[in-house]
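Enquirer: Chain by chain, the residues run as shown.
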Amino acid sequence: MTSVAVGLSRDLAAKRVMRAEVQGYDIAVWRDENGGLHAWNNRCPHRGMRLSHGFVRDGHLACLYHGWHFRKDGGCAYIPAHPELEPPETISATVFSITENAGVIWVSATDTAKAPAEDGEWEPLRSLSFACPPEKVRHAIENTPFAGQLPERAASGHLTAGSTALLVHCAPLGDAETLAHLLVAAGTSLAGRKALSRWCETARESAEAGPA
Amino acid sequence: MSREYATNDWYPVADAARMIPGHGFTTRLLGEPLEVSGSFENPVVTARDGRMLPVQVRYGHVWTTTGSAPRPLFDIAEADETDRTFVPCGAVQVRCSPLRAVENFLDIAHFPFVHTGILGEEPHTQVAPYKVEIREDADEVWATQIGFHQPQAAKSATEAIETRYEYRVPAPTTAVLYKTCPPKPEAWDVIAIFVQPVAEDMCIAWPWMALYDDVSPYADLVQFQQEIFLQDRSILENQKPTLLPLDPRMEIPTRCDLTSVVYRRWLKRKGATYGALTTAA
Ligand code: FES
Ligand SMILES: [Fe+2]
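Protein chains in written order, with my numbering: chain A, 310 to 521; chain B, 121 to 401.
Quick caveat, the hints were computed from the structure, so don't treat them as lab data.
All values derive from a computational prediction rather than experimental measurement.
Please note that a few of the clues may not be correct.
From the structure, some residues in chain B lie toward chain A, with a derived Cβ separation under 10 Å [as the list claims (entries may be wrong)]:
(1) Leu173
(2) Gln176
(3) Asn224
(4) Pro232
(5) Phe233
(6) Ile238
(7) Glu242
(8) Glu306
(9) Trp308
(10) Val382
(11) Thr398
(12) Thr399
For each residue, glycine too, the CB sits at the ideal point set by N, CA and C.
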């Protein structure tokens, strides 16, 4: 499984750009005006500016520094300093594989991105960052009681606690941080969502407090 | 990296007018700590080993050097024109190579995107051909015949004008800009950036201006420049790699980047590679 969950679909609107880390690569993730997703090496081929600071225009990702436009295939489409110039074919952003499924965006820096098959219907809850590695996040979540009982891990991977269910996708950030993307079973009430959200924050406290 | 070339240049370490006797401070130069103390008339710079370093006060700043055979500090003739207003603009610390900071200062193509509404704006993005040369006698890089549409070229500008620019790089960590002076079209405004190389990946930019502007309050002039430098900082801290790549395969220039191309070539030729990446990553 080389794909990494970089974010919740609903947190990346059309024409928005965000930064992610995948297998040690700094990545710019953007959504075009048609909803299509793109994951690129976060470095403009011109002068190395992070493309995650760029903006989406005319179906292209434009770099903030000098406004060069890059097409969805990564190729350079336009250099504002020389509007008449046809940019050479060789100028291109480095493109990675990206996909989304069940409300989560997945990227692979080394091969084709694949989202895991999910059992049931899920809705995004929130993304939460932890100042500890993913193993500790998982351990803390499984060992933090919810409504008085320890959650159980279902065969398909999600956690159940009483009548509620939670799906957690962890993405490591460097060696010491984790971005966890949380989803709840479709139809979970607002009160249920709030309770799960608080539970994850409690789990975070114990994950971060644990021995290094 | 080569500290060797870098040690024999002069660098700014303080705004001379802000030296307060009895209130020395510590800073860093080329990775080494320095103690700066004394007064405007008599600044003292001390190295970690207690050695007193050579000092001089020029262009509103206290300059020092750590090398045993320092090259002379470059001359800016306009600094002696007494009818100009001299404006040291404070310090902006930037987490980037000192050479990247200089290169950014030499670049006009970013104006419409980074200094939107001030130094440039769309759709006026085109950069017309200009000339760049290494003046061998002075060993300086010069870019001339640059023209650019600017909404507010200077604090004193009241409307958009076609600004004329000349750039001069008299030392690896200094760039001087001569630009159209809105209230006095026959003269040039001078804006320089003196860069203190704190380390290879960290620098302090000391902008300094010598202007014909007796209208704008001093504080407004400083604020105008500071705002521009803060916009540049958000770019400079997001360029990868942090060091300036000298291998031409690592970044792709286009025609408008000729100043940067020649600047990089000049650095490489001199061996002025402190803050540069000399091999492809
Ligand atoms: S660095 Fe991206 S356009 Fe120049
Ligand atoms: Fe700038």
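Enquirer: Is the hint on Trp308 of chain B kept, meaning its closest Cβ partner in chain A is under 10 Å away?
Expert: violated (24 Å)
Enquirer: Can you verify the interface hint for Thr399 of chain B: is its Cβ closer than 10 Å to any Cβ in chain A?
Expert: violated (16 Å)
Enquirer: Can we keep the Gln176 of chain B interface hint, with Cβ of chain A closer than 10 Å?
Expert: violated (34 Å)
Enquirer: Checking hints one by one. Is Val382 of chain B an interface residue toward chain A, by the C-beta closer than 10 Å rule?
Expert: Nearest chain A Cβ about 15 Å off; hint violated.
Enquirer: Please verify that hint: Phe233 of chain B, Cβ, nearest Cβ of chain A, below 10 Å or not.
Expert: holds (5 Å)
Enquirer: Hey, does the Ile238 of chain B contact hint survive, CB to chain A under 10 Å?
Expert: violated (16 Å)
Enquirer: Go through the hint on Pro232 of chain B and say holds or violated, using the shortest Cβ distance to chain A against 10 Å.
Expert: Constraint on Pro232 of chain B satisfied, holds at 7 Å.
Enquirer: Quick check on the hint: Thr398 of chain B CB to chain A CB, less than 10 Å?
Expert: Hint violated; Thr398 of chain B Cβ to chain A Cβ min 16 Å, cut 10 Å.
Enquirer: With chain A as the partner, please determine if Glu306 of chain B meets the hint condition of a C-beta pair closer than 10 Å.
Expert: Interface hint status for Glu306 of chain B: violated (29 Å vs cutoff 10 Å).
Enquirer: Verify the interface restraint on Asn224 of chain B: the C-beta must sit less than 10 Å from at least one C-beta of chain A.
Expert: holds (9 Å)
Enquirer: Does the closest beta carbon of chain A sit nearer than 10 Å to the beta carbon of Leu173 of chain B?
Expert: violated (34 Å)
Enquirer: Interface hint check: Glu242 of chain B, Cβ to nearest Cβ on chain A, cutoff 10 Å. Holds or violated?
Expert: holds (7 Å)
Checked against the numbered hints given earlier, the structure breaks hints 1, 2, 6, 8, 9, 10, 11, 12 and satisfies all the rest.
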